[in-house]
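Going down the list, the protein sequences come from chains A and B. Residue 1 is where the first sequence starts when you use our numbering, and the numbers rise one by one after that. Residue 1 is where the second sequence starts when you use our numbering, and the numbers rise one by one after that.
It is worth saying that the hints were derived from the structure and are not from the lab. From a predicted model like this one, the values you see are computed outputs, not experimental measurements. We put the beta carbon where it would ideally sit given N, CA and C, even for glycine. Warning: the hint list may mix true and false statements.
Label-pair distances were calculated between CB atoms; the ranges are [stated by the list, open to error]:
id	chain 1	residue 1	chain 2	residue 2	range
1	B	Lys316	A	Leu307	58 to 66 Å
2	A	Ser156	B	Ala306	54 to 62 Å
3	B	Glu299	A	Thr99	53 to 61 Å
4	A	Ala113	B	Asp341	34 to 42 Å
5	B	Gly253	A	Ser96	33 to 41 Å
6	A	Gly32	B	Ala249	24 to 32 Å
Computed list of lysine to aspartate or glutamate pairs in EDC-like fashion (alpha-carbon distance at most 16 Å, straight line) [unchecked claim]:
id	chain 1	residue 1	chain 2	residue 2
7	B	Lys136	B	Asp150
8	B	Lys251	A	Glu148
9	B	Lys223	A	Asp44
10	B	Lys121	B	Glu140
11	B	Lys303	B	Glu140
12	B	Lys229	B	Asp157
13	B	Lys136	B	Asp157
14	B	Lys264	A	Asp44
15	B	Lys195	B	Glu135
16	B	Lys49	B	Glu80
17	A	Lys92	B	Glu268
18	B	Lys62	B	Asp72
19	B	Lys49	A	Glu148
20	B	Lys331	B	Glu120
21	B	Lys62	B	Glu80
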Amino acid sequence: MISKRISPTRFALWRQYGREMSVGVFLLLLLGYFGTTPGFLRADNLRDILINAAPLVIAACGMTMVIIAGMIDISAGSALAVCAVVAGLTAKSGASLPTVILLPMLTGAVIGAVNGWLVAFVRIPAIIVTLGMMSVLRGGIIWWTRGEWIGNLPPSFSAVGRGEVVGIPTPVLVAVGIVVAIAFLLARTPLGRHIYAVGGNPLAAARMGIPVRRVLWLVFVMHGALLGLSALVYASRFSVIQSNAGAGFELLAISAVVVGGVNIFGGQGTVWGSAIGGLLLQVISTGLIFRRVSEYWAPSVQGALVLLAVVADALRTRRARR
Amino acid sequence: MRKAFRITPILAAALLLLVACGKKQTPSAGTSTTNTGAKLVVAVMPKLKGIDYFNAVERGAKEAAQEIGNIDLTYDGPTEGKVDQQIPFIESWTLQKVDVIAVACNDPDAISPALKRAREKGVHVITYDADANAEKSGREFFVNQATFEDIGRALVDEMAAQAGENAKVAIVSSSPTAPNQNAWIAVMKRYMAEKYPKMQIVTIQYPEEDQGRAFSMTQDILKTYPDVKGVFGISSVAFPGAADAVRQAGKSGIVAVVGLSTPKSMREFVKDGTVKTVILWNPVDLGYLTVYVAKAVAEGTLKPGAKEIEAGRLGKVKVEGDQVLLGPPMKFTAENIDRYDF
Chain A
1 MISKRISPTR
11 FALWRQYGRE
21 MSVGVFLLLL
31 LGYFGTTPGF
41 LRADNLRDIL
51 INAAPLVIAA
61 CGMTMVIIAG
71 MIDISAGSAL
81 AVCAVVAGLT
91 AKSGASLPTV
101 ILLPMLTGAV
111 IGAVNGWLVA
121 FVRIPAIIVT
131 LGMMSVLRGG
141 IIWWTRGEWI
151 GNLPPSFSAV
161 GRGEVVGIPT
171 PVLVAVGIVV
181 AIAFLLARTP
191 LGRHIYAVGG
201 NPLAAARMGI
211 PVRRVLWLVF
221 VMHGALLGLS
231 ALVYASRFSV
241 IQSNAGAGFE
251 LLAISAVVVG
261 GVNIFGGQGT
271 VWGSAIGGLL
281 LQVISTGLIF
291 RRVSEYWAPS
301 VQGALVLLAV
311 VADALRTRRA
321 RR
Chain B
1 MRKAFRITPI
11 LAAALLLLVA
21 CGKKQTPSAG
31 TSTTNTGAKL
41 VVAVMPKLKG
51 IDYFNAVERG
61 AKEAAQEIGN
71 IDLTYDGPTE
81 GKVDQQIPFI
91 ESWTLQKVDV
101 IAVACNDPDA
111 ISPALKRARE
121 KGVHVITYDA
131 DANAEKSGRE
141 FFVNQATFED
151 IGRALVDEMA
161 AQAGENAKVA
171 IVSSSPTAPN
181 QNAWIAVMKR
191 YMAEKYPKMQ
201 IVTIQYPEED
211 QGRAFSMTQD
221 ILKTYPDVKG
231 VFGISSVAFP
241 GAADAVRQAG
251 KSGIVAVVGL
261 STPKSMREFV
271 KDGTVKTVIL
281 WNPVDLGYLT
291 VYVAKAVAEG
301 TLKPGAKEIE
311 AGRLGKVKVE
321 GDQVLLGPPM
331 KFTAENIDRY
341 DF
C-alpha cells in the first residue's frame, strides 16, 4: 500500500494525468509534422512561439481556475485591453518598475473582484455578468483613450516583454513561474482543493463547510490579477499599445483551457493541461503559415485540429471508464 | 430577507444592462441652429465624436465655414460609432429645419429612412467618409475621401518604389470578410498584374483586428518566406503590427512596410525608418470639402451632372456621378508627419 503511494505505477500516472499527457503527445505529433517544413524547428522560431504563447498561457492559468470552479469569464479580452492601457500609461508616467507591474495586476484584480462579487454574492450567472462587463470595459476603454494608441513607451517598459534573464526570454520565465505557482496552489493548498470541490459539486462543498462564495470571489480576483500580468507581458512586447487589444482573446484562453483537458463543467483539470493547450494553439497558428496552408482555410484547419484534440481526449476518457 | 435576496439579482441585472447600453445620446434641442437671415445652416455629423480622426474633420469643416462666412455650422454626433445614436440627431435637425445635413454613416441602410424623411421635409442631405444607401436615403452627393482604385494603386506604386518592381511581397489584412480591405486587395492584384507583372504576392494573412496576431503573423511570414522584400499592412491594426515585427526582427530598411493608417499611430515607425510612407487621405481636407459641397448643394450650384466643384484652397475638385472625389490619397513621410495630429 505504502510503496504504491510512493512510486505510483505508470498506469496510475496515466489515470491521473492522462488528459494532459494525451494533449502533450498531440503537441509533439504536431511539432513533428510542422517540423518537416524548413526553419520551423530552428531555435529562433521556437523561441518566438514560446514568447508569443506566454500571455495566453498566463491568462489560461487564471481561466483554468475559473472554469474548474464551474464558472466562465468572457470579459477577459476586454479586461486585457484595459490592463494593457493601464500598464502603458503607468510606464509613460515614469513610475518605477514595481508600480508598472503591480498597477495592471491591481486593475485586473479590481475588475475580477467586481465580476466575482456579482457572481458569488449577488448570484447572477457568470456568463451574464461577464457578458455585461465585456461591453462596459470595451466601451469604457474607447471613451477613455478616445481610440488612441499608446506610443512613445520608455525603454524600461519594453525590457519587460523583450528582455531576458540568463538567456531565457522574460515572458517565458514569467509564464513558467505562474504555471508552477498555480499548479501548486490548485494541487497542494486548501484553497486549491476548495476550488475543485466548489466546481465539482457546490452543494456538497457548502455542506462540507467550504465558504463557497468566498472561494468563488477569490478565484475571480486571482484570475483578474493574472489577466493584468498577462496584459503587461502582452503589451510590453510592442512599440505601441492598441487601445482595443485582445479582441477574441477570451475565446482563445477558454480554448486553451478546454483543449488542455479541463472539464468545461468544472471540478476537473490542471494548469499543466491548459499551458500545453495554449502552446498548442500558438504552434498551430505558426505552423499553418509555415506549411503555406491557404489563408482562407487556416481558421478551419485550426478549429479542426482543436476538435481533434478534444475528441482524442473524449475517447481516452471513455476507455478509461470502461 | 429571502425575498429581497431573490430580487437582488434581477435588479443587478437590470442595472448592468443599463450600464452596458450606456447613456442614450439625446441631442440638445435648439443650440445654434436657428435659421437667422441669410445664413446657411449646415449640420455635420461624424461617425462618433472625440476621436482624432473626426476631430481633424471638424477642424477642416470649421475652417471652410469661416472662410465662406455666411455659414452657421453645427458639428455634433454620438460618442459611440452606432447608427441608432445618429438617427436622433438627424430627426432633431430635420425638425429644426437646418439647410444641409452632412453625415458620415455608421450603417448605410439603417440610417437611410431618417435621411429620406429629412429630404422630404426639404432639408438637403449629403454624406461623407462613409456613404448611405444612395437610393433609399435620397442623399444628393457623397463626398468620397479616396476611391478603392486610388488607394490600391498608391500602395502598389509605393511598394514598387521601395522594394523594387519585381519584389516578392506579403499582405497583412484585416478579416477575410472586411469589404474595404478586400476591395483594396482586388485593385492591388489587378494593378500589379498590369504595371509590375514581376511583383508577386506570396501570401495574404488575416489577423482580424488584433495587433498581437498581426505581429506574430508577420514574424512567421518573414521566416517562412525569407526572400520577401515588402509587407503591406492594410488596416490601422495590421500596419503597426507588421511594422513592429519587421523592426524587432532587425529588418528595418531591408523589408519595406507600406500601408494605411493614421500618421499618429505610425509616427514612431516612420521616425526610426522602419516605415517610409504612410498612405491615407487628409481628414482635415475631407471636412473642409464637405462644407463646400454642402454650400454648393444648398445654393443649387452643384447639381447632378456637374463635372467639378470649386472648393476654396483645394481648387477645382472632381465630381463623378453623385460622388465628389477628394482626390489622390496623401503620403505621410518623415518630413511632414509631425504636422498632423490625427
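Now for the hints, and whether the structure bears them out:
no.	hint	result
1	B:Lys316 - A:Leu307: 58 to 66 Å	holds (60 Å)
2	A:Ser156 - B:Ala306: 54 to 62 Å	holds (58 Å)
3	B:Glu299 - A:Thr99: 53 to 61 Å	holds (59 Å)
4	A:Ala113 - B:Asp341: 34 to 42 Å	holds (38 Å)
5	B:Gly253 - A:Ser96: 33 to 41 Å	holds (35 Å)
6	A:Gly32 - B:Ala249: 24 to 32 Å	holds (26 Å)
7	B:Lys136 - B:Asp150	violated (27 Å)
8	B:Lys251 - A:Glu148	violated (27 Å)
9	B:Lys223 - A:Asp44	holds (10 Å)
10	B:Lys121 - B:Glu140	holds (14 Å)
11	B:Lys303 - B:Glu140	holds (9 Å)
12	B:Lys229 - B:Asp157	holds (14 Å)
13	B:Lys136 - B:Asp157	violated (37 Å)
14	B:Lys264 - A:Asp44	violated (32 Å)
15	B:Lys195 - B:Glu135	violated (36 Å)
16	B:Lys49 - B:Glu80	holds (7 Å)
17	A:Lys92 - B:Glu268	holds (15 Å)
18	B:Lys62 - B:Asp72	holds (10 Å)
19	B:Lys49 - A:Glu148	holds (13 Å)
20	B:Lys331 - B:Glu120	violated (41 Å)
21	B:Lys62 - B:Glu80	violated (22 Å)
Of the numbered hints listed earlier, those contradicted by the structure are 7, 8, 13, 14, 15, 20 and 21.
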